[in-house]
Amino acid sequence: VSNKWGKPYDWKWNEVMETKNANGGAGFTEYNDGTIQFETTQWSQGYYDNGKIWQTFTLPEGKYEMRIEVKNAANIGSGSTNIHFAVAQGESLPDNEELEKSDIILSYLKFESEHTNKTSALPIFELTEEKTITVGWVVSFSDICRNIEFKSVRLWSVAE
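Numbering (full-length UniProt numbering) for the sequence shown: 1 to 160.
Worth flagging that the hints you see were computed from the coordinates, not collected in a lab.
Don't take every hint at face value.
[As the list claims (entries may be wrong)] Computed cross-link-like contacts, DSS-like style, restricted to lysine-lysine with a CA-CA straight-line distance of at most 30 Å:
{"no.": "1", "residue 1": "Lys7", "residue 2": "Lys131"}
{"no.": "2", "residue 1": "Lys118", "residue 2": "Lys12"}
{"no.": "3", "residue 1": "Lys63", "residue 2": "Lys110"}
{"no.": "4", "residue 1": "Lys151", "residue 2": "Lys110"}
{"no.": "5", "residue 1": "Lys63", "residue 2": "Lys131"}
{"no.": "6", "residue 1": "Lys131", "residue 2": "Lys101"}
{"no.": "7", "residue 1": "Lys110", "residue 2": "Lys131"}
{"no.": "8", "residue 1": "Lys118", "residue 2": "Lys63"}
{"no.": "9", "residue 1": "Lys7", "residue 2": "Lys110"}
{"no.": "10", "residue 1": "Lys151", "residue 2": "Lys63"}
{"no.": "11", "residue 1": "Lys101", "residue 2": "Lys63"}
Can you make the complete structure from the sequences, with help from the hints?
Below is the structure:
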């Protein structure tokens, strides 16, 4: 980490996150013993719409669960934030506006204030054959003083 922000290894970013990362709006930070953090830039300016950070990989047939740990959050859950972690078939994530009704989504969780300082599980999803999937965040902030820190992301194979 050369400044406040770094890029998590093996994760991809869209242009929205590239632009904000240069100004300090999202990425890995050593703060709080290391988190993936999204915030409105400098707490007084900067908004972003459908910022995405994701990984794409192949999983074998089976049942799976994703667990996401939120360390801290400020002013989320209002109309000015839209924060999802999603699992999608294929190699991309839809925008927030389409995410909850998209037919490529296998599982998702929308983060609200009650998710702060705890681990939350996305609904279990099942693959009936080997598939390429994409997992990651889709984040929109349309107001200042918004922040969320993710401590861990885990993928679990669920026994029958």
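Now the hints, each set against the structure:
1. Lys7 / Lys131: Status holds; Cα separation ~26 Å.
2. Lys118 / Lys12: holds, 25 Å
3. Lys63 / Lys110: holds, 21 Å
4. Lys151 / Lys110: Judged against 30 Å, a Cα distance of about 16 Å means the pair holds.
5. Lys63 / Lys131: Between Lys63 and Lys131 the Cα gap is close to 12 Å, so the pair holds against 30 Å.
6. Lys131 / Lys101: Measuring from Cα to Cα gives roughly 20 Å; hence the hint holds.
7. Lys110 / Lys131: The hint holds at about 24 Å.
8. Lys118 / Lys63: Judged against 30 Å, a Cα distance of about 23 Å means the pair holds.
9. Lys7 / Lys110: holds, 23 Å
10. Lys151 / Lys63: Judged against 30 Å, a Cα distance of about 24 Å means the pair holds.
11. Lys101 / Lys63: holds, 21 Å
Checked against the numbered hints above, the structure violates none of them.
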